[in-house]
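Asker: Here is how the chains run, residue by residue.
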Amino acid sequence: MKYETVIGLETHVELNTKSKIFCACGGHGASEEPNDCVCPACCGMPGMLPVTNKRVIELAVTAGLMLNCDISRYTTFDKKNYYYPDLPCAYQITQLNHPICTNGLVSIKSEEGNRDIRIKQIHMEEDAGKLIHEGKYSLVDFNRTSVPLIEVVTQPDFRSPQEVMNYLNKLKSMFRSGGISECENGAMRCDVNISVRPEGTEELGVRSEIKNMSSFESIEKAIYYEIQRHIDALEYDLEELVQETRRFDEKTGKTFAMRDKETAADYRYFPDPNLMPILIDDEWLEQIMANKPVAVDERIDYYRESGISEEEITVLISSQTATKLLEEVVAAGCDARETVKWILIEAVGVLRKGGKGLDDLQISAEDLSAIIKMVTESKINRNSGKAALAALIEEGISPEEYIKSAGIDRKLDSSDILAVVQKVISDNQDIVEAYKSGKTKAFQALLGACMRELKGAGNPGVIKEMLEKNL
Amino acid sequence: MKKIAIDDTIMIKGELAQAGSHILEGYRSLFDAEVVTRIKNAGYEISGKTATGEFGLDLVGEFSYGAEQKGKLHGDAALQVAGGETDAALAVDMNGSARRAAALSGITFIKPTYGTVSRYGIISCAASGEQVGVYARGAEEAAQVLEAISGHDDKDGTSLPEKEYKYRTEAAAGGKIAVIRDPEDKADEDTKMKMEDFKESLKASGVTVDEIELDFLSPAATAWQILMCAETCNNISRYDGVKFGHRADNFRNIDELYINTRTEGFNFLTKAVILYGSDVLSKNRYKDCYEKSLKIRRIVADSMAKIFEEYDAVLTPVCSKTEYEAYDIDEAFGKVFEESEFTAIPNLIGIPAIVSGGVQMMGDKYCESKLFSLAAAGERGLK
Ligand SMILES: [Zn+2]
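Chains as they are written, first to last, in the numbering used here: chain V, 1303 to 1773; chain F, 696 to 1078.
Hints may contain errors.
Keeping only pairs whose Cα atoms sit at most 25 Å apart, straight-line, the calculated BS3-like set for lysine-lysine is [unchecked claim]:
| # | chain 1 | residue 1 | chain 2 | residue 2 |
| --- | --- | --- | --- | --- |
| 1 | V | Lys1658 | V | Lys1320 |
| 2 | F | Lys982 | V | Lys1382 |
| 3 | V | Lys1382 | F | Lys990 |
Hints were generated in silico from the structure; no laboratory data involved. These figures come from a predicted structure and were not determined experimentally.
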């Protein structure tokens, strides 16, 4: 029998705010040292009262606007009760009854073209701390407690693991380019609801929920494993499926049921009396809308029209730094495709050597466009351009300065090049012989020697032509 | 008037803040409560801390950790104010214990409108109804101190926007109050006498006194009991032995750490409140208990607002008796909630209430000045 998979997703995203959701501590668990980024409020000490960080609401609304949600003008916080040492108050402040955004829609790529995924709701909540196990003891780190999160809940609209991955990648791109979240390791966590039904039927199968996965790789593996487990159960009667919560074990690549104790909790939700309902009026909403970043869809369309490949688009839109730089360099008159190559290949290459990534790129559009222009106008060759870029990224040396100091800004005419070509030929007679006896590779060696002599100046096409003529 | 005592549910930087509970043994506050800051800024001297019953849940403060009770019950702060050891005292009014203590000691206590006094720095239990109030020997003094501690505070999300409040005692003549006819006849003869005396005293100063009927005293008390226990159960769940305060010596795993610490750390009354509170919040009961209580809160607020269209205040007893005898903690839960029928409405709907001459007057929101004026008139007539 053929089966259809039905998947719904709950994605927790850590918001990119300066401070935590209900206190003034730095957001984002800003410190490496345990318990360095805490105050009496986020440590659960008596006497402190939560005061909502306005920025959290604005980012949550922005996320809702990006996902085409209805924005609630009246939104409230609820308390969720459970005991765990990483939860200092023994309750989490979250939203149950009046979430900030509802009824959204996001278009994703699927095997059958584009599909719409319905967003049930987005709600705000605080994160919990972290336990560090050391031998007999467990230590608690509260740096992450009260870091703001949004949870994006979809309807069960996914039909394949690939759709889920496309959705998650799109969410990540949107949130990063929109300044909602860095979405780096651990800042995006997923709960996946999965069931399987015979193709063509409407009734939903028995559902299992796989909790708290933070890497995309695990999510994908867990979904594939779980689908197969459900199909096997239905097909071969291997086990009886029950509605349950499961975890994914990265080592074995399997999911396993959580103990009853962990799942049977009654969280005793109730409205938080310390936090008055939040009213979002027209003025505030308009302000948030005005500051909303360019919608990712619009940006993608623009990139496609500029001839940028799908792979490149995926990388670009997930980086606010890259999209900003690209748009500014293009505005300065450079070609979009050419600029993308300089950013994604050349700049990233330099960054990687220093153990850094695309988001660490801190160069101005002015400098990058200067390099690109010099190369495309053949004022310097590509290799010199790369060297200038490396100097710019690594040492902050401006392109003009670099080219002057490296001596490659001299005006070359063909007689300069001819002199070098002739010198190389006379100095390397053995290679010239080899070339003449049919070893084509030898030509490259000669060309390289010419370029070295010229210290990167001169148009490679011209040098090549001149070398061929003189051999 | 200079010296003010601070109840143990209100925090002073560096001082012990144990809320009368074993579970907070040795806990010292890292900061001053907003009311303490304001008291200091207004030039008052803090005379010390007064003992409270565990989390302020009991009748008048009789079940403070480590304290023994014998004979007649009194509240520590009320006793100190009455005895002249301090001029006034601040205490959290959550379940009427401060108002009852004031009545027993024959002094004044004002529980202000919810949101007019910051709750920053109090050991919070029932966030939606607790409020810091003032004990003093008379209405005038209580008004002065309340003025000093009132006003907006950014650190409390439930604080109202008004920057400051002015309270005055004026002539009460021409005022109009309502007395609730007690259908269940819960108050004893001495209490009835006190009610009569106060009524007569008010009449003598030109206040009209009518008798009205209220049919929601009991549901209002039950609603507050439900909300209060639910919120308290939630708020004190942070006292788990992990971070500060008491921790059990013996445990083999995290569950035992929680269970043993909390078993040792809370008294029987608090445990009863926790059980009751977690029950009313449980999935099966939430709609019938918690949600219904919120509805009752709205109905009571509307009904009281109607009464205040016609009357300046509603006069009621504060306690069923004029004296409480020491009793066993096993009986506390029942006793406290039976008595709180007289005190629940102001906490439930956030209106002010003043205790004076052993009786209570409830007023409309922000009408503290009317209550002070009536109380001052009543007090004068009793002397
Ligand atoms: Zn904090």
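Asker: Going straight from one Cα to the other, do lysine 1658/V and lysine 1320/V come out at no more than 25 Å?
Answerer: holds, 23 Å
Asker: Measure nothing beyond the straight line between the CA atoms of lysine 982/F and lysine 1382/V; if it is 25 Å or shorter, mark the hint as holding.
Answerer: holds, 16 Å
Asker: For the pair supplied as a hint, lysine 1382/V and lysine 990/F, is the alpha-carbon distance within the 25 Å limit?
Answerer: holds, 21 Å
Against the hints set out earlier in the document, no violation occurs for any number.
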